[in-house]
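Trainee: One letter stands for each residue in the lines below.
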Amino acid sequence: MHKEQAERRDFLPDLMAHLDRIGAGEIVLEAGYGLGMGVPIDAYLEVSDRVRVGSYEECLDQDVVVVLRCPEPGELRRLRPGAVLLSMLHYPTRPDRTALLADLGVRAVSLDAITDRSARRLVENLEAVAWNGVRAAFREIQQRHPHFDHPSRRPLHVTCLGSGGVGSWAAFAATRYGDPQLRESLVASNVPGVEVTVVDFDLTWHEDYMFGRLEQTDLLIDATRRADPSRPVVSNAWLAALPADGVILDLACDPYDLDVVPPVVKGIEGVPHGSLDRYVFPPEDEAYELIDPRIDTTNRRLALSCYSWPGLDPVGSMRTYGEQLEPVLSVVLGKPVEDWGLDGASQVERAVARAEVSRWLSVRTA
Amino acid sequence: MVERAHGLTFGFPTMHKEAGERRDFLPPLIHLLADLGCEVYVESGIGSRMGYLDQEYLSSSRVRVVDEDTAYRQEVVVVLRAPIGKFEKLRRGATLISMLHFPTRPARVRHLEELGIDAVGLDTIEDDEGRRLVVNSKAVAWNGLEAAFAMLERRWPRLTSPARAPVRVTVMGAGEIGKHAVEAATKYGNAERSDLLMRYGVPGVEVVTIGRNLTCDDTYLLGRLSATDVLVDATKRHDASVPLIRNDWLGRLPPHAVICDLVVDPYLLDADPPTVRGIEGIPQGNLDRFTFDVDDPAWDLLPPGIPTDNRRAVVSCYSWPGVHPNRCMELYGKQLAPLLEMLVERGGIAGVRPDGSFHERAFYRGSLRARLRPVPVGELVGTS
Chain A
1 MHKEQAERRD FLPDLMAHLD RIGAGEIVLE AGYGLGMGVP IDAYLEVSDR VRVGSYEECL
61 DQDVVVVLRC PEPGELRRLR PGAVLLSMLH YPTRPDRTAL LADLGVRAVS LDAITDRSAR
121 RLVENLEAVA WNGVRAAFRE IQQRHPHFDH PSRRPLHVTC LGSGGVGSWA AFAATRYGDP
181 QLRESLVASN VPGVEVTVVD FDLTWHEDYM FGRLEQTDLL IDATRRADPS RPVVSNAWLA
241 ALPADGVILD LACDPYDLDV VPPVVKGIEG VPHGSLDRYV FPPEDEAYEL IDPRIDTTNR
301 RLALSCYSWP GLDPVGSMRT YGEQLEPVLS VVLGKPVEDW GLDGASQVER AVARAEVSRW
361 LSVRTA
Chain B
1001 MVERAHGLTF GFPTMHKEAG ERRDFLPPLI HLLADLGCEV YVESGIGSRM GYLDQEYLSS
1061 SRVRVVDEDT AYRQEVVVVL RAPIGKFEKL RRGATLISML HFPTRPARVR HLEELGIDAV
1121 GLDTIEDDEG RRLVVNSKAV AWNGLEAAFA MLERRWPRLT SPARAPVRVT VMGAGEIGKH
1181 AVEAATKYGN AERSDLLMRY GVPGVEVVTI GRNLTCDDTY LLGRLSATDV LVDATKRHDA
1241 SVPLIRNDWL GRLPPHAVIC DLVVDPYLLD ADPPTVRGIE GIPQGNLDRF TFDVDDPAWD
1301 LLPPGIPTDN RRAVVSCYSW PGVHPNRCME LYGKQLAPLL EMLVERGGIA GVRPDGSFHE
1361 RAFYRGSLRA RLRPVPVGEL VGTS
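Protein chains in written order, with our numbering: chain A, 1 to 366; chain B, 1001 to 1384.
Worth flagging that the hints you see were computed from the coordinates, not collected in a lab. C-beta atoms are modelled at their ideal positions from N, C-alpha and C, and glycine is treated no differently. Certain hints may be false.
[As the list claims (entries may be wrong)] Computed Cβ-Cβ distance ranges for the label pairs, DEER-style: (1) A/S189 with B/E1056: 58 to 68 Å; (2) A/A99 with B/R1131: 44 to 54 Å; (3) A/D343 with B/L1269: 54 to 64 Å; (4) B/A1191 with A/P243: 29 to 39 Å; (5) B/N1286 with A/G23: 42 to 52 Å.
Chain A with its partners taken away, still in its complex shape (with noise of 0.2 Å):
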């Protein structure tokens, strides 16, 4: 991936093992592929005699392409009309690149839009994104906190936005205070725990309720995944009532985009867009004056966001999505793309064919 410099992720060799077992006809790795991890070119030159390396361009001229997180719009131009892509792609909340894969013919397979007849991802690791989270905002509550770690000090509050995939391992995580180890070793001083309050949409409305919740929170967790991304769940002017001394922790992490229809903002108004390189914002920093000034920001508390929390632990990041992808891949190379049927007898089949660029669209715009 060609993305900030603190994104390191690559995929494992057990994921070019399993392309081998599949029959894969070759396997192009660009050169510098899993060293960011610190895993040697040759563990994957190992696992297959049918694994090459390659320069970028070549990975992307290869008949299936497979990068975790979406290549550059330039980048994709370069992609073989028929092509396929599996890559974490966002349909929904980038309907601009969305219309560009269609328009180029590239046979786009949404990872996050992998799902079965329930809406449940089959490819996430909302774990990761949970517990690297909620680990990186206590360590800033920890580093602020002037009794974090005596008995005599409250427990904390957290106020948990959204209660489904995200936030119920929010809600986890936060009890333990994203770090096990931490926990039993405050558990073991007396130290209080941490209670975690869990409201969803049918709560988040109500502005009262919601006014005496965040005077009580020490971290907000926004964990939601609205219905409507143009309005924020809790708007800027509502962040006065945090504690001066509260800690915002973005674990939806959408964008803002304003020139799209319907426009894009986050669920909690005013807060920067973070990645690996940078994910802590203090209220004074630099990130907020680089919002667009169509968002309010007036109301800033230590905030921390990550356009991909999992990435804080690369390996173990990708042996999940590894072990996830294996089933995909077997579908996309098993039979041709146009073959791929939405009511075949395999639920993997399905659910990949649902999230085929030209069959996610025909569905939204039928």
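With the hints as your guide, set chain B onto chain A.
Mentor: Showing chain B alone in chain A's frame:
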């Protein structure tokens, strides 16, 4: 669809358990196997207690409705709960796929070995990180919370009033079940109920979840109980001989409050060490009966010496997933489908490789074979 020819035969006997146990595997899983080219033998009456007819299982000539013995005589036998007393019906060398709980049932393991059955525990099929692939902890939480809110509505008519404050739920235990309990509680344990109340402008649910570092804080917990409409026990206690909430503390709960027991530990007072329930002095339910109002005679059946002076309405069930058998089996079917597909693809359990694909590795881990041979070196060495 291109059908592939495979030699495996599958048997799906029905469970013959308590009256409230209505679950069987659903037609889509049977159809999948038939589409893969397998002969599938289902016991007559399969799914009937969930409203299915035998004919709904008959997608092709490869599916046959047979008696119980014939279903058990196939190469691969799939049945949700362990078929206690029926292991002898399987033939030597057959594969049995069921919730077999190997770690806590050593006698069963020996018996299966003696019978030469290639058993695979649904509850021990795990991915590389130790996560179960066939599991329904979500249903434990959702079904329990659904029952709890139904009980709360009966005892507290204000539940449906737009003028009331948010409902307050306290979830003790933030582990696998507690995690789902949090989500379920924010939706009243039932998405339709949640949608309806939201449509009428009724404030939602505030869910407070606390782990061990607060459940052991008496001062905090007593305060918390007085502000709780639904108390959920989703704990996994380190010491099951001591209750988490003493019966006298239950007096702090509002009179209308409901206790939702998702853990359902038994009372085993004669064991060493003894096991007591996490919330002291509440009855234990099953699929036949799982709601208990404060004047229910079930309280009188608790072991003598267990205090029950402070009572609140309780929902408790030994098998929460079985409350909604269709949903439960739909999920199990979806979880099992890729594993059975792989099994068919590999030509049976003998072809399943411990270092094969994701589903092969997981399936192999769930098998008795994996318990009988040393752990492969590759599993002991991390990738980096």
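Trainee: Now look at each hint and say whether the structure bears it out.
Mentor: Here's how the hints hold up against the structure:
1. A/S189 with B/E1056: 58 to 68 Å: holds, 60 Å
2. A/A99 with B/R1131: 44 to 54 Å: violated, 37 Å
3. A/D343 with B/L1269: 54 to 64 Å: With Cβ atoms ~55 Å apart, the hint holds.
4. B/A1191 with A/P243: 29 to 39 Å: holds, 34 Å
5. B/N1286 with A/G23: 42 to 52 Å: holds, 50 Å
Checked against the numbered hints above, the structure violates only hint 2.
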